[in-house]
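Sequence lines, in order, name chains W and H.
With our numbering applied, the first sequence covers 1 to 256.
With our numbering applied, the second sequence covers 1001 to 1286.
Rather than coming from a laboratory, the hints here were simulated on the basis of the structure.
Each hint should be verified, as a subset may be incorrect.
Just so you have them, the derived chain H footprint on chain W, three or more residues with Cβ under 8 Å [unchecked claim]:
| # | segment |
| --- | --- |
| 1 | 81 to 90 |
| 2 | 94 to 101 |
| 3 | 129 to 140 |
In silico DSSO-like links for lysine-lysine, alpha-carbon gap of 30 Å or less [said to hold, decoys possible]:
| # | chain 1 | residue 1 | chain 2 | residue 2 |
| --- | --- | --- | --- | --- |
| 4 | H | Lys1178 | W | Lys104 |
| 5 | W | Lys23 | H | Lys1096 |
| 6 | H | Lys1096 | H | Lys1006 |
| 7 | W | Lys7 | W | Lys27 |
| 8 | W | Lys22 | W | Lys7 |
| 9 | H | Lys1178 | W | Lys123 |
| 10 | W | Lys237 | W | Lys27 |
| 11 | H | Lys1096 | W | Lys98 |
| 12 | W | Lys98 | W | Lys199 |
| 13 | W | Lys200 | W | Lys245 |
| 14 | W | Lys122 | W | Lys104 |
| 15 | W | Lys190 | W | Lys143 |
| 16 | H | Lys1178 | W | Lys122 |
| 17 | W | Lys23 | H | Lys1178 |
| 18 | W | Lys200 | W | Lys237 |
| 19 | W | Lys200 | W | Lys7 |
| 20 | W | Lys237 | W | Lys199 |
| 21 | H | Lys1007 | W | Lys104 |
| 22 | H | Lys1008 | W | Lys22 |
| 23 | W | Lys22 | H | Lys1096 |
| 24 | W | Lys122 | W | Lys200 |
| 25 | H | Lys1178 | W | Lys22 |
| 26 | W | Lys27 | H | Lys1096 |
| 27 | H | Lys1161 | W | Lys98 |
| 28 | H | Lys1161 | W | Lys23 |
| 29 | W | Lys98 | H | Lys1008 |
| 30 | W | Lys200 | W | Lys143 |
Backbone N, C-alpha and C fix where the C-beta goes; we use that ideal spot for every residue, glycine too.
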Amino acid sequence: MSAEALKIRMETRDLDFYYGSKKALDKVNIACYENRVTAIIGPSGCGKSTFIRTLNRMNDVIAGARVEGTILLDGRDIRLPDVDVVDLRRRVGMVFQKPNPFPKSIFDNIAYGLRINGMRDKKRLEAVVEGSLRGAALWDEVKDRLDENAFSLSGGQQQRLCIARALAVEPEVILFDEPCSAIDPIATAKIEDLIETLKKRYTVVIVTHNMQQAARVSDFTAFMMLGELVEFGVTEKIFTNPVNKLTEDYITGRFG
Amino acid sequence: MKGSTKKKVIQFFGFFLLRCCLFLVLAVLLLFLYDIGSKGGGAISWEFLSTAPRRGMTEGGIYPAIIGTFLVTMITAVLAIPLGMCAAIYLNEYAKQSRLTRLIRLSIRNLSGVPSIVYGLFGVILFVNILRFGTSILSAGLTLGLMTLPWTITASEEALKTIPNSYREGALALGATKWQSIRTNVLPYAIPGMLTGTVLGLARAAGETAPIMFTGAAFFLPMLPKSLGDQFMALPYHLFIMSTQHHAIVQVRPLAYATALVLIVLVLGLNMTAVIVRYRLRRKHR
Chain W
1 MSAEALKIRM ETRDLDFYYG SKKALDKVNI ACYENRVTAI IGPSGCGKST FIRTLNRMND
61 VIAGARVEGT ILLDGRDIRL PDVDVVDLRR RVGMVFQKPN PFPKSIFDNI AYGLRINGMR
121 DKKRLEAVVE GSLRGAALWD EVKDRLDENA FSLSGGQQQR LCIARALAVE PEVILFDEPC
181 SAIDPIATAK IEDLIETLKK RYTVVIVTHN MQQAARVSDF TAFMMLGELV EFGVTEKIFT
241 NPVNKLTEDY ITGRFG
Chain H
1001 MKGSTKKKVI QFFGFFLLRC CLFLVLAVLL LFLYDIGSKG GGAISWEFLS TAPRRGMTEG
1061 GIYPAIIGTF LVTMITAVLA IPLGMCAAIY LNEYAKQSRL TRLIRLSIRN LSGVPSIVYG
1121 LFGVILFVNI LRFGTSILSA GLTLGLMTLP WTITASEEAL KTIPNSYREG ALALGATKWQ
1181 SIRTNVLPYA IPGMLTGTVL GLARAAGETA PIMFTGAAFF LPMLPKSLGD QFMALPYHLF
1241 IMSTQHHAIV QVRPLAYATA LVLIVLVLGL NMTAVIVRYR LRRKHR
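This is chain W alone, in the form it adopts within the complex (with noise of 0.2 Å):
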């Protein structure tokens, strides 16, 4: 598996990032391809979830949030002002830490990102809703009860609920931002095989704190530290033979 036979889809070029006067990512450079998982691992608070989010722009949304440098999208800067940030979040999508169904029924909640662009007919809403169910490997779950409330789903179908909904806007990037920290690892596994199943489609960034989970599930591994990418490259490379020494002492569990 070669890098250079892959198309890039989306790329950061010295990226920095700064909270008001702190500086919470430095010079940060990483490419995901298309067709293709990236894992981004690393301590606590090293910015992994603070970089995942500037690729759909939802740091836009903090107060005294400043992004410097460059994120590409099928090589176009998504920060140029041209660039509708609406669409950019439709086409990159986004699955969060905690499972966020909206208090609204399975159907609705699935049929949201379409409705708010203007889909009114009831035919296509079902068909995109039984897909997007399918997608997530939901549908024979709940395909009896999609005029439920999505509360009523356990923690891990309520995450690929999400999944669900955020595949139903036909998006080309999906981020996942530990989308398994808060479900059990029976749910967790479902949604790796889920991932594996989706990269066929999309290009999947995934931000996990479980090294087992990124060894698992991505191509590529990003490895960051401090608001630094320590080391970058392909998975099985960076957990056999890391260059870096911080790599290796952290995916040998000598800190974290």
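Position chain H against the provided structure of chain W, taking the given hints into account.
Just chain H now, kept in the frame of chain W:
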């Protein structure tokens, strides 16, 4: 063993004390309601509720005062509900957290503590004199509206704060605009709380005397107001007159108590409405 017995005794007395406080408060309230109910209940009849006062207000009913209070509360609602909700949405969802917004918030909190007579005098200057609405339902309603606004804004803001940020972020991440995320994923869940706070504010306004005394409420009017520019009779002001200003104060005492009873029932009714609305809407979204 000894330590745990001691803890249990402390716990028992602690709860006992708390229950005593609760019963004390309830007892005062019930005593108060009983007193007014027993002294005023006898005077309440369909005639009392549906006719105007007669013979220098020593006979007859309080129909014009009920209608007046109803109308003036409507004006209050029309001003305070939309404006208060919009201000709260702006403050909580859009405004940047700067020194200016902190100052605005502080001012709003302080305004809710300003004595109602001050609002009354302000209303005279602004609505009656400067804007030339005269002493009228409109002036009084707007004055009460101003007085209710800080309550409405604060209650609405608190309701918005209870909506988890993940609803907003979740919608934004799906490509919603900021307003779409607020309209479809915040307001539907915040409105029960907003309405509750607002209706409580209205109930308070409906019972106020000072702000309407100079701005539109009349001592006695033989007929109902024909437009919003007319003066009106109102329950709290009527009560004030019947209990302190009337020439035959002892003779009209039962009527005063009956008026108080109607006013209390009206305010309680409004509060109950708030509770029911909140309960209904919450169930709808569960």
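Hint check:
1. Evaluation of the coverage hint for the segment 81 to 90 of chain W: fulfilled, as 4 residues show C-beta separations to chain H shorter than 8 Å, against a requirement of three.
2. Counting residues of the segment 94 to 101 of chain W whose beta carbon lies closer than 8 Å to any beta carbon of chain H gives 4, which reaches the threshold of three, so the coverage claim holds.
3. With a threshold of 8 Å between beta carbons, the proposed coverage of the segment 129 to 140 of chain W by chain H is violated, since 0 of its residues qualify and at least three are required.
4. For the given pair, Lys1178/H sits about 19 Å from Lys104/W by alpha-carbon distance, which is consistent with the 30 Å threshold.
5. Proximity of Lys23/W to Lys1096/H is assessed by CA-CA distance (about 21 Å); at most 30 Å being required, the pair is judged to hold.
6. Taking the CA atoms of Lys1096/H and Lys1006/H, the gap is about 52 Å. The hint is violated against a cut of 30 Å.
7. Note on Lys7/W and Lys27/W: the hinted pairing holds, with a Cα-Cα distance of about 22 Å set against a maximum of 30 Å.
8. Straight-line distance between C-alpha atoms of Lys22/W and Lys7/W comes to about 34 Å, which puts the hinted pair past the 30 Å bound.
9. Restraint check: the Cα-Cα separation between Lys1178/H and Lys123/W comes to about 28 Å, which is no more than 30 Å; the hinted pair holds.
10. At most 30 Å may separate the alpha-carbon atoms for a hinted pair to count; Lys237/W and Lys27/W meet this at roughly 23 Å.
11. With a C-alpha separation of about 26 Å, the suggested pairing of Lys1096/H with Lys98/W holds against the 30 Å cut-off.
12. At most 30 Å may separate the alpha-carbon atoms for a hinted pair to count; Lys98/W and Lys199/W meet this at roughly 22 Å.
13. About 33 Å separates the Cα atoms of Lys200/W and Lys245/W, which puts this hinted pair outside 30 Å; it is violated.
14. Distance restraint check for Lys122/W and Lys104/W: the Cα-Cα separation of roughly 17 Å lies within the 30 Å cut-off, and the hinted pair is therefore satisfied.
15. Between Lys190/W and Lys143/W the alpha-carbon distance is near 18 Å, which keeps this suggested pair within the 30 Å criterion.
16. Simply put, Lys1178/H and Lys122/W have alpha-carbon atoms about 25 Å apart, close enough for the 30 Å limit, and the pair holds.
17. For the hint pairing Lys23/W with Lys1178/H, the CA-to-CA distance comes to about 27 Å; that is within 30 Å, so the pair holds.
18. With a C-alpha separation of about 22 Å, the suggested pairing of Lys200/W with Lys237/W holds against the 30 Å cut-off.
19. Restraint check for Lys200/W and Lys7/W: the C-alpha separation of about 14 Å stays at or below 30 Å, so the hint holds.
20. Among the hinted pairs, Lys237/W with Lys199/W is consistent with the structure: their alpha-carbon atoms are about 20 Å apart, no more than 30 Å.
21. In summary, the hint linking Lys1007/H to Lys104/W is not supported, as the alpha carbons are separated by about 46 Å, beyond the 30 Å threshold.
22. Taking the CA atoms of Lys1008/H and Lys22/W, the gap is about 50 Å. The hint is violated against a cut of 30 Å.
23. Restraint check: the Cα-Cα separation between Lys22/W and Lys1096/H comes to about 19 Å, which is no more than 30 Å; the hinted pair holds.
24. Between the alpha carbons of Lys122/W and Lys200/W the distance comes to roughly 29 Å, so the proposed pair stays at or under 30 Å and holds.
25. About 27 Å separates the Cα atoms of Lys1178/H and Lys22/W, which keeps this hinted pair within 30 Å; it holds.
26. Taking the CA atoms of Lys27/W and Lys1096/H, the gap is about 28 Å. The hint holds against a cut of 30 Å.
27. With a C-alpha separation of about 19 Å, the suggested pair Lys1161/H and Lys98/W falls inside the 30 Å cut-off, and the hint holds.
28. A C-alpha spacing of about 29 Å is found between Lys1161/H and Lys23/W, which places the hinted pair at or below 30 Å, so the restraint holds.
29. Restraint check for Lys98/W and Lys1008/H: the C-alpha separation of about 40 Å exceeds 30 Å, so the hint is violated.
30. For the suggested pair Lys200/W and Lys143/W, the alpha carbons sit about 24 Å apart, so the restraint of at most 30 Å is met.
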